[in-house]
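S.K.: Now for the letters of each chain:
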Amino acid sequence: MKVRTESGAVAFRNRDLVFYLTMISILWTVLFWLSAVLVPVAAVITQALFQDSQGGWRALLDPTVLSVVRLTLWQVFWSTLWSGTLGLLLGLWIGSFLANLPRSRAHALLVVPFGVPTSVVGIAWVTWLGRTGVFAYWGFHSEWIYSLKAVILAHVFLNVPWVAYLVSQARKDLPHSLLEAAKTLGADRKCQFRYVVWPHVSSVFWGACAQVSSLCTMSFSLVLGLGGGPPVQTLETEIYERLRYGLLDISGALACGVWELALTLVPWVLVLYFYSKHKKFNFNQPHKQVRRLRHHATLWGLGGFFVIPYLVIFNGQTPATLLRVVLDPDSRLQVLMALDVSVRLAVAASLGCVLTVVAALMTLNWLKKCKFKSLESIMNLLLKLPSGVSVLVLGLGVWIAYSRWVDPFEGSFLVVLGLQMTLFFPVAFRLLSPISESHSTLELEGAVLLGASRFQAFWIIEWPRWKGPLFASLAAVAGGGLGEVGAVSLFYSERLISMPLLLSRWMGQYRFAEAQAVGGLLLLLSFALMLIAFELGELGELGRLVPRRQVEVTL
Amino acid sequence: MIAFACFQLLLCLLRGLDARSWVGELPVEDELVIYTYDQFLAPGALGREIFPLFEKKNHCHIRALASGNGGQILTRLQLDAKRGKSVAQLIVGIDQSSWEIAQPWTESWGRWLPLGYSRLIKEAQVERGFLPFDYGPLSMIADREVLSQMNLKTPSRLSDLLGSEWNRNIILQDPRTSTPGLSFFLYTYFVLGEGTWSFWKQFRNQWLTMAPGWEGAYGLFLKKEAPLVWSYLTSQAYHEEQGEQWRGQNRYQAVLFQEGQPFQLEGVAWVKGAIKTQRHRELAQKFLEFMISLEVQNRIPNKMWMYPVRKDVELPASFRNLPKPAKMISFQSGLTLGRVKRGKEIETALSRWRQVIGQ
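So the protein sequences, as listed, match chains A and B.
Numbering-wise (my numbering), the first sequence opens with residue 1 and increments by one.
Numbering-wise (my numbering), the second sequence opens with residue 1 and increments by one.
Source of the hints: derived by calculation from the structure; they are not laboratory data.
Glycine included, every Cβ here is placed at the ideal spot set by N, Cα and C.
The reader is advised that the hints may include incorrect statements.
Taking lysine-lysine and the DSS-like style, the derived pairs with C-alpha atoms no more than 30 Å apart in a straight line are [unchecked claim]: (1) B:K122 with B:K311; (2) A:K149 with B:K201; (3) B:K276 with B:K286; (4) B:K276 with B:K344; (5) B:K272 with B:K344; (6) A:K467 with A:K373; (7) B:K223 with B:K85; (8) A:K149 with B:K276; (9) A:K149 with B:K85.
From chain A, some residues computed to sit far from chain B (all C-beta separations above 10 Å) [to be verified]: (10) W57; (11) L71; (12) V134; (13) I308; (14) S493.
Quick look at which bits of chain A chain B covers, simulated, 3 or more residues with Cβ under 8 Å [to be verified]: (15) 219–233; (16) 236–245; (17) 403–412.
If we strip away everything but chain B, and leave its shape as in the complex, we get (with noise of 0.2 Å):
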């Protein structure tokens, strides 16, 4: 009896200390809960001032669960399909790359189109089952002052890379983790066809860190610890913005390869078999036209930082000093496999990218 007692006191305890960790919380009718990476949720950003004003319109509840970052997302789907519990009914935040893995996982819109596509711009409308509301090219970011310093000429294409004079000087991303570090590699991948893995042989010492995400390595590339970095070319309106300069001239600079940018497209999807329920299909929905709406696309420029998708969306000055990159690639035409197999392919490729590395 005593020790019955005991038992249940305990139990209690545990509960209480766990009280909200119990696994299983279905989403309530009026609730949409999202699956984003974390920094779409810091202070700030865009999420913490666009979830509010979708729960005002629509009288609904958003629970947005930060899952680290992009990679992290993928995984979390992947262990909700297993055990055949998905928590969420959106995903906000995965690239196109990403959403090539993620398909087996999210839901096609089939026949519905959200209200506004047709004015997103061309390179946004990729399938249906994947709305991007940003996007930009990704490039290397230098620091000028830095580069002075070592005396060092900002690269002009991938092999330049691998030159001596970069060695321990380029921060990068790790592909397995980050969505900017899987577009670097995908854009190896792309650009150098077979000779992708003898270039990552002889590169693999000559990145100072990899980190595990874009923000750990940015922020290690402004503390001067390296001239270069894999960032967004977006990344230099944001510095001229912020006004910092070095001799006369924007101190960070993107820097154009002759290969051409990749770009990434971030975007929203359906989780698959998580909308049960009509009223869970229409908040859907309606996060996805609101994801595209002005309200949200006139916020992407100086809250994200990118390009906003819709093509009617003024621009900050800023923006219109971008350089242009040379040529845009888009991985979906690179890739040699169809439609299906594209998300598998990319994980052979990584897979085969860790054994280069680790060898």
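The shape of chain A in the complex, shown without the other chains (with noise of 0.2 Å):
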């Protein structure tokens, strides 16, 4: 009897922790999603059409921000277009042969250009392209560089890979059953892809796409850097301009920002769209051991390819310019002060992203139990509206709601670790809620009736399906932390420098050695992120319990 009563006790103080931790979480959830994304969009979009006394409609028309809007839709256009033919032509190739391999860490490489700082990304491509560059020395001389085309360049450099990267895991998919029976039907290789591969890929295709012109418009750094000023401008640069340089603009910036949200949210809106409609086959296919060797070199070879271009800030002075910046007691301070900023931004963004993403889906389960279906869909869809924002709509909507309390000028690492947080959620959000949606409960139960404490039965039984993705997504956000420009751009101050905006600061400076130098090592340290990111993002349980491909499609 007195058993009873204490695991009954046991028991209710359990359901009351549960309870008390859901509470909190819907709680955290819902301000986290009014304070940093509703509140700040709603102030963007009502400022710029209904209170602004300098123009509001008519703002949007403004000739100079049409024309601003005609060149990123260019710029998107051609980047989208490169970018997806190549990413698809690629993609369809590598996936024809990857079925052979059950897994290939070279394949890995084709997703690391995406962890690529967008700064050392910019030095990079200087570095290639200048009149005193690398092409230029061996004989090759374009005038690219400070160019559109100099943009378009980078910005295919770094979406090919991810392009096919996911259409390569969805025509690996594609049951090799299926071509055989086609085959036997008398289809040429021309029937086989448009009845057969492409209706299979081209929903992702699509999706990808949609993507990637979301992220062109959303470019801001290498715009910025590469673009070479006036009259190279797009709806981010903009923004920028007319909130950090002379003549503060709020009502140019709210005009920019009402295009901006067009431009990003229309093709997140595909996004979904194409992604829901991709069909999942849910069965293993056999793996052809055959000619593994030669497939991996060649994944080697492609992965290699797209990553050599950012690998030409380490030259042969590297290690000594490193030695002199180390030697030297004011850029020591310098960089160490950068390197304090970047890594408490990226620790403190992922924790606090990763703990958010953990209460929101905890919100969701508790949706989905009690039933509020619609209310789940919603708030579901409502948690990935973060991508299609951009970082700087979110910053100017921060700066315009809060603007009684936040002063841009005198930098607040809050703010900046807000918007990374919002601009990361979806990252972390998409790896982790697969891994929410099939929890086991009977397991969970089951440990409870046996006398497991609830802390216990999570333990034993959801910790080890939980680790993987979690420490993933760790990785995940703090590599994009670590080289995010955006935010801190925005809310930067003297004592509030990261990284990317030290190596900014010194190319001004002319010391373009150390800045090269330490580009580098922000370089290697976002590479080894993204890269144990990946590792446990696909070795984890992640990889065992949920098809593979939709982890790495949300990724």
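Given two chains presented individually in distinct reference frames, assemble the corresponding complex, making use of the accompanying hints.
M.R.: As structure tokens, then:
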């Protein structure tokens, strides 16, 4: 009798704890979404359209703003066209032999360029294309640097491997038996592609294109660094310039913000639509163990091709330059301060982001349990919204909505942290939500019935499934946070200079060698974190319990 | 209860993370808060050398806030004024054109004049509210080595820059962000009058890059990315002191135009409504006097690579060897409207420039 009373009390305490944790999660999720997404976005829209005394609707149709919109669309069109076309061809080719490889680390190389900090990308392309750059040294003189062509080239190099990665995953999952059947029925290669391959990969391909166009619209530091200033102005650089450059023009920034929202939210809706249309094949295919060495070598070669351009920032002088930076007290102090800011930001953003995602998943589970189906799907959709909003537009919204408390020129770690958490929230959310959806309620309840506490049950049954994706999310967000430029550029101050900002500042002070050396460090850190994220996401329990493609498509 | 405790803990954590960046740190009685541009506070720059001297002399503390470049200081002033929260009492490093725009947010000295004001050159005695501490004519600087490699001859007038040989061979600064960039734009506006817009329409494909600041532009120039850059005439003196030669002559040469050269006055101004106590006013006045004292003025040529505004400062030999512009152009006399509206005229012209460039 005594035992039953004690276990009853324990069960009550457990229920109590779970209840409080769920309530805190709901509160935190709602507060986070309202303050970090809804309020800033609503501030931009309402101020631009209804409250702005200097223009309102008219500011949206201002000829200068419209010319910037045109140039943005032009840049996005060419970047997406080239990235999509090349990525599709490459993805189909890789996918056709990927089915023969159970898993290749070389495939990860295709994801790695996505984690390269944009400031490093900028420095690398300047080093290649500059008039005194590597190409010029080899005798190939081009006039691409500081032009729209340079921006498009950098975008294409960043996005082709990403499109290829997604398409190759989709192509890989296509059952070989379907192709064999088509062949038996007399279909030639063209017909096989048209009636079997294309219907299977098309939704992923269009989704990837929509994603690329959204990312190219949001591209900020590459346009700033490689575009060469006016007349190469996109909506992102225009927002930044109207806020941080001379002649503060909030009205113009708001007009650009509304256009930017329109241009990024439409692809976001398309991404969700196309990925939801993608059919999944849930049976394993036998691996043909043939010509694997050649395939591995091809993958390494292709992956390397898209990574090598960024390695140009390492040269024979890098160790000596790094030593010079370390020995010079002033440079050392600047690097240490920037490293401190970047690491604090990366750690805080990854922890905050993952905790917020966990809270959001608990909220969604609670809604599911309470059978609020429509509320659950709305919430699910809203939580993915930050993917479709540029960090500069969010920053502009924060600037407008919280200007009473936030002075952008004084710098605010909190605001930068909040913006980075919002920016990377969808990444962690998409990595972790499949785990949450497939949680083992029966085993958990069984363990509790057998006398385990909720914590013990979670630790034994759930934790092994969660730890891989959790650490992968932490690494992915930390890697992204290290190289993030938009949020930091908007709310930096003298004591809040991160590594990417220090790089651009040193570039501006003719300290090219030092900037390259420090950029190399940043690149190595980002590569390492990206690979850790990929390894954990791939090798952890995630890969076993959830269809791999589903996770990778959403990475 | 638990929820409340967690929320409190979170707040404490976040406050801890951001402890140094809460807004609203009001200046204390003995603290002078100054907005300036990044380069002024860079290692080895004038700011780092003279601020401790002033602190020692006046038993006060200077909190210098590096605010990007000249254009960004304006944004910051404007934002402070909008929010009704003045952070700094002084701005150091705005030029005469930026000051025209910044007038609504700056404060006049009234009848008071800083000690030593009469010793300034005539051009520096602009208006009671803007105190120049250095000046320098602006000009294109050419890299003779690159010019010779490209078989180019230096231009001698503005219209020469439109020639096809200069296509993507000039580095400029963005007039919205950089004070030299704004000076170049106003120079064309003053010299070409109504022809300004057709000039810029043709000129917009001529530059290699329009950098946000002078440092970035000059850095690219030194990397031999282009043979011409818009800079200060005194840049030639800097390179001469560094001993940079090419075929027995100065490698970097100032290029003078027949139309004359604009000049930039770099100065200090008070922020409107920010000087609230007698002690602050006293410190602000002393700071202005300090900036035109011999102690600071003697440091100007070798630290700022600009001319000091005081007549009685001995210049280094490299400054004495500089070419003399045919004409010095002052924008103040060139602009068409009255004093109060000059800032507005610059803003309108910049807005039109933006349209012309974007077309």
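S.K.: Of the numbered hints stated earlier in the document, which are not met by this structure?
M.R.: The structure breaks hints 7, 8, 9, 11, 14; every other hint is satisfied.
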